[in-house]
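Engineer: Based on the hints, put chain B in the right spot on chain A.
Chains as they are written, first to last, in this note's numbering: chain A, 1 to 114; chain B, 1001 to 1114.
Take the hints with a grain of salt, since some may be wrong.
[What the hints assert, rightly or not] From the structure, some residues in chain A lie toward chain B, with a derived Cβ separation under 10 Å:
| id | residue |
| --- | --- |
| 1 | 33 |
| 2 | 35 |
| 3 | 37 |
| 4 | 42 |
| 5 | 89 |
| 6 | 95 |
| 7 | 100 |
| 8 | 103 |
It should be emphasised that the hints constitute simulated quantities derived from the structure, not laboratory data.
All C-beta atoms, glycine included, are put in the ideal place defined by N, C-alpha and C.
Residue strings, one per chain:
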Amino acid sequence: AQTVTQSQPEMSVQEAETVTLSCTYDTSENNYYLFWYKQPPSRQMILVIRQEAYKQQNATENRFSVNFQKAAKSFSLKISDSQLGDTAMYFCAFMKHSPSRLIFGTGTRLQVFP
Amino acid sequence: SQTIHQWPATLVQPVGSPLSLECTVEGTSNPNLYWYRQAAGRGLQLLFYSVGIGQISSEVPQNLSASRPQDRQFILSSKKLLLSDSGFYLCAWSVNSGLSYEQYFGPGTRLTVT
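Extracted from the complex, chain A is given alone in its bound form:
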């Protein structure tokens, strides 16, 4: 069975600094997708970034980028130039196919302070 592990329950970073959130997963599948979702205090789940396992190039979305290490089954999220609005819970998720459904990690609470 697929599992997703986020080993950092809480992280903090100063505004404008860079922070990396870690995620590891376990699967026997070769083709899959990985995601990072953000859940601010409003509790709305917002897609931050996605990575296709067949792509070697790491995904990037503005200040957000991932370090995808397929062999190590690692999928970390780097937030550059952290902003106060980045304060939220961050969830790593693995997508199972047929039909598509997400397996979530337990989340990392990120606090950005001035």
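Structural biologist: Below, chain B alone, put in the same frame as chain A:
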């Protein structure tokens, strides 16, 4: 554009009472639909998913049931609520295709069972 609605936003119900949470999607046809639950301080757990009208799959045994009476309507129900049913319930949708991968979440319903 597609939108997803959930109601009610918050609900307080006594133990043993029935439950009905509704989710509707606009702007798309034949979506995959999902119900997740998020317990306090925890990650999201997939409860049910549906690939079409009347087609429901359950991920975990529980006190809840789901139904899909219309293409873009997904209902979460219970005949008798338990204290352990308290949590934050999120509905999500995705494109129904072999290569679908992104899920889009509704605003959620906070359920408190007293």
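Engineer: Hint by hint, which ones does this structure get wrong, listed from lowest number up?
Structural biologist: Violated hints: none; all satisfied.
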